[in-house]
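K.L.:
Now for the letters of each chain:
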Amino acid sequence: MSDEINVSRRQIVGFGSAALAGLALAPGVLLYDLAHGKQPDEAVSGKVRWGMLIDTNNCKDGCNDCVKACNTEAHLSGGTKETDSQWMRKVELKDMRTGRATSLPMMCQHCAEPPCVDVCPTGASFKRADGIVLVDKHICIGCRYCMMACPYKARSFVHEVVTDQNSDLPRGKGVVESCTMCAHRVDRGQTTACAEACASAGHNAILFGDLNDPNSEIAKRVATYATTQVRADLGLNPGIRYQGI
Amino acid sequence: MQPIAYREIEGRSPAYYALLGGLALFVLFGLSAAYYMEEHGHIVTGMNNQIVWGMPHVFAVFLIVAASGALNVASIGSVFGKSMYKPLAPLSGLLAIAMLLGGLTVLMLDLGRPDRLIVAMTYFNFKSVFAWNVFLYTGFFTVVAVYLWTMMERRMNPYTKAAGMAAFIWRLLLTTGTGSIFGFLVARQAYDSALMAPMFIIMSFSYGLAVYILVLLAAYNWTGRALGDTVLLRLKKLLAVFIAAVLYFVAVFHMTNLYFTKQHGIERFILLDGGIHTLLFWVGQVLLGSLLPLAILFHPTLGKQRPMIALSAALVIVGGLAQMYVTIIGGQAYPLDLFPGMQVTSTFYDGVIHHYTPSLPEIMLGLGGVAIAGAMVVFGIKILRFLPESLENNVVDSHHK
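Order-wise, the sequence lines are chains P and H. Taking this note's numbering, the leading residue of the first sequence gets 505, the next gets one more, and so forth. Taking this note's numbering, the leading residue of the second sequence gets 301, the next gets one more, and so forth.
There may be inaccurate statements among the hints.
As the list claims (entries may be wrong) - Ranges of calculated distance between the beta carbons of each label pair, as one might list FRET restraints:
| id | chain 1 | residue 1 | chain 2 | residue 2 | range |
| --- | --- | --- | --- | --- | --- |
| 1 | P | Asp599 | H | Asp492 | 44 to 52 Å |
| 2 | H | Asp492 | P | Thr732 | 42 to 50 Å |
| 3 | P | Glu617 | H | Glu308 | 53 to 61 Å |
| 4 | H | Leu571 | P | Thr732 | 40 to 48 Å |
| 5 | H | Leu495 | P | Gln694 | 24 to 32 Å |
| 6 | H | Trp522 | P | Glu586 | 41 to 49 Å |
| 7 | P | Glu586 | H | Gly381 | 53 to 61 Å |
| 8 | P | Arg725 | H | Phe424 | 39 to 47 Å |
| 9 | H | Phe553 | P | Thr667 | 43 to 51 Å |
| 10 | H | Thr657 | P | Thr667 | 24 to 32 Å |
| 11 | H | Met421 | P | Thr732 | 38 to 46 Å |
No lab work stands behind these hints: they were computed from the structure. Glycine residues also receive a C-beta, built at the ideal position from the N, C-alpha and C atoms.
Chain H with its partners taken away, still in its complex shape (with noise of 0.2 Å):
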């Protein structure tokens, strides 16, 4: 059996410099977003006392679920034994190391203080899922660092399966975690749900493998390197399976709150009179995020072109940010409900549709947040070899199991 070679990228041409530079310029308009927003508070974005969480929010916890999922293309190889998987392993680590980052990263600039980070670092309160969440979320660099170096130091790689079975178990954690930040708030009606974890976790498999892929077309293409069918057309299967999936756990999620009679202004918001969330649900999320590259990708010819492969993957990422707006943004827009029964009204906005306006700052900042992950990405593969030099179908296939 051949063994499959991998090598750093050259990254000496100007498209190369390029890329880098774009990236960098992006990073340095969310830091600089950031130090606005700290330094005159947060009346300069469109958060309020309302709208708490914000457009941050939904880039940082699409980033943070997306990293988990990123991670699944290694699990498939170390932990499942699907050699075919196993030359993809190094790229799935360095995307979920990357893509967290930049979530955390956002998250972190947009807290009020920022600079108590060390706080937040060594004061724990042990029943706050956010709490949890600080050890999850540095316990996966850790883990999945480690899983890393087994995968690319040879003298490792017998310890590649039980470090991949760790960070596997890790992420599933990790992925629960992130619902679950949702999934106890008691006191909203649009989470408080035990359903958030599981959806938080299939959801993550579904954003996390477009990534992959994106990135994959993107890296193999742009550096003329092989890259055969029978990885691609493997991995955009699995793909039209998460999709489903997710489609399956939102049907679910709604028809439950749809039965109780007490969730039917917050579905009834959601799905048919919410405006932009109503409008985002049905056309980005189910639409454009679900149905359409569903559509394409189980499509006999159009699910074979690497173009619509590629439209289908981004197409996931959009619908995926929609969901994330829906169920952040959306969930805090539909008024809490103190008095049931009753008409209700204050100068605190009490028993009114909350508006939310993202403004520029907050965009920049999650953008930020996102070219953290691309250069990091891009800088990896250039230092070290994550990349295999081939993915042609006779290389894969004397894998292929």
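Chain P on its own, in the form it takes in the complex (with noise of 0.2 Å):
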């Protein structure tokens, strides 16, 4: 009786010890946070706005390595049939009055009034807090409105058996899934898959950085050239930005 309370009574210290230096500790690793991603055991902050900005002028028409990384990171087979999931895919525009082309990557835009967000029933498409769009694979019943509802095309559905999975991105047959904006590897404080292959490539056609922080890459590129929203006129307010379209 008297051991475990001597037990006891040590493990009090050692929590005490621990919470004193989790104190100490703490603005340290929250400033780490801001700057890095985020701890596992870490709510996602409403200070930040991840998006991407694409720079068209850059992008190289028949190029297709955000793609590629893209289907890498999240498993997806690659495949273009009907039922194919596509996270992100390549579109080649033709203005039809001049003829001036354009290639530019087109995936979930990541709307800050997200349409996908609003009709599902049950909440399982949600937006994180940092502004990330995303499905909770629990309890998304499969209804397919969000395909419905969303303007950019961005989401597919899960037709089949998916095997070989990324324990980051787990899929699952019956429902819908599409860009997360990688935010396994953003909270890791990473980039995203696509963005490092287009840097790869020699590119730097994409972009990531937090919107919010006016010192970060991306604020400051949106803040001195014109950018262009995807159907701006619907005031979604997207994440995903782009230049010279």
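Assemble the dimeric complex from its two separately framed chains, guided by the hints.
P.N.:
The structure is reproduced here in structure tokens:
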């Protein structure tokens, strides 16, 4: 009996020391978090708004590296059948009056006012505080109303059994999925797979960053140059912006 | 005034059991199809990432819309006090419940994860029209059940008018909810219109009454009960008015779009060069589903012949299904306009018309929903007193107002 009490007492001292150490370290950890992703048990912050700026002037016609990187990251087949999932695709544009051609990647635009989240009956489609729009694969019932509502055709429905999954990006037959802006990488302080691939290819057409941080490269660029939101008329305030269209 | 006598149908003849057995078979086919789709995933259907809602939705939305419309016959009696309609009311309520059940079953079994239905019943996003509909649909069952109870239980009769009023308001809300599933879709050019809600309501009047007339004719014909012309000719006139009203709404909808330059693409697709969709619109919805039944029903002699009235009602149903197909599938087949004025190509079928070929499991699932509704009505009129023993002219005439 007395032993147990001693053990408990020892534990209390231990916890107390840990708590004190935690208090002392917390401000530093917090600072680290804001700069370099977040701790696994820490909630995302509404202070950041993750986004990407796509400079179509640098996006090379015929280059598909971002899409390939996305497929690799999410363990997608890369197939392009009508039933295959495509989280990201290259879109080729040609102005019908001037003939000007543009190439750009299209994916979930991570709207501030996402129509998919509005229509989702169960709340499976949701937006994180940091602006990333996701599907909770556990409560998605597979009604596909979000796919009807998305103005960007950004979502795919998993039509058959999926194997060989990335545990960071779980998928499942019968539920809807889309670009997660690599939330799992972002939370570790990394950039998105597509932006990384584009940089590796030497194009640097995709810039990932925090739109809310005035010192970030992306915030400076959108403050300096004219950028476009696709279907800006809908007023959805997407987190993906384009240059050169 | 002679009270109306209601009685269960006998339901012992081989023909009755054959009918019930046939319906049960289709229910079984539908359930098997759902199991097959659940087991293999939607890869075995014609639906894909472009056409995300397919044949099951065509049947389901038709049934749900027709369900609320079938209740109109009862509403005209209880709410608007037309006593001629009162004997027709119990069947109207039964049809409404049965078709809603059939439609919802199809919708539910088409889900990617039908096993998670409990999630849809416990997690709600109240900004979602679907979430509203969960309440509107379950509430409809309750309200109509209470309404039927007040009609069929003598001591509850004094409450029929109140219950009927509640059911009438509820059904208007319900169809508003169904139309708004499409009306609130800002992303797609074929939808995104407040007109969807009232148009769906008037469509429900027409489809629901057409189904009602067919079921009434079949029930009285097959059981050898008397059905007078007073009732039938009144109902067929009403059907003609509803058909014309639907046509009016469809015309206003397309005329509005035709005035807006940005909508010319989708209008051209539906009205002119959309292949199957254009064909279904002009031949299915307009010609067979509207103009032909209108011509028959207003014809001085043909319009009084029962087979012709039945044919008109059947045509309205065919036209209704065509209208659902054009609305649901056609609306998705036309590509989203992400970059106006640009020619667009991609591996994800941007900028091209999307193709859809319905698969057998989808059609069987849809027909399974129809069979569920049918079986419920066929069985219902055997176990409970839904049908008046006679709807002969002299019986209804004494109540005629």
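K.L.:
If you check the beta carbons of Phe553 (chain H) and Thr667 (chain P), does the distance land in 43 to 51 Å?
P.N.:
Distance hint for Phe553 (chain H), Thr667 (chain P) holds at roughly 46 Å.
K.L.:
In this structure, is the beta-carbon distance linking Arg725 (chain P) and Phe424 (chain H) contained in 39 to 47 Å?
P.N.:
40 Å, holds
K.L.:
Regarding Leu571 (chain H) and Thr732 (chain P), is the given constraint of 40 to 48 Å on their beta-carbon distance met?
P.N.:
Given range 40 to 48 Å: violated, Cβ gap about 32 Å.
K.L.:
Do the beta carbons of Glu586 (chain P) and Gly381 (chain H) sit within 53 to 61 Å of each other?
P.N.:
54 Å, holds
K.L.:
Is the gap between the beta carbons of Leu495 (chain H) and Gln694 (chain P) within 24 to 32 Å?
P.N.:
48 Å, violated
K.L.:
Does the hinted range 42 to 50 Å hold for Asp492 (chain H) and Thr732 (chain P) at CB?
P.N.:
22 Å, violated
K.L.:
So does Glu617 (chain P) sit 53 to 61 Å from Glu308 (chain H), Cβ to Cβ?
P.N.:
55 Å, holds
K.L.:
Could you check the hint for me, namely that Asp599 (chain P) and Asp492 (chain H) are 44 to 52 Å apart, CB to CB?
P.N.:
Because 25 Å falls outside the window, the suggested range is violated.
K.L.:
Starting from the range 24 to 32 Å, see whether the pair Thr657 (chain H) and Thr667 (chain P) falls in it by beta-carbon distance.
P.N.:
For Thr657 (chain H) and Thr667 (chain P) the Cβ distance comes to about 27 Å; the hint holds.
K.L.:
Does the Cβ-Cβ separation between Met421 (chain H) and Thr732 (chain P) fall within 38 to 46 Å?
P.N.:
The hinted range 38 to 46 Å holds for Met421 (chain H) and Thr732 (chain P), with Cβ atoms some 42 Å apart.
K.L.:
Per the hint of 41 to 49 Å, is the separation of the Cβ atoms of Trp522 (chain H) and Glu586 (chain P) within bounds?
P.N.:
45 Å, holds
Violated hints, listed in ascending order, are 1, 2, 4, 5; each of the other numbered hints is respected by the structure.
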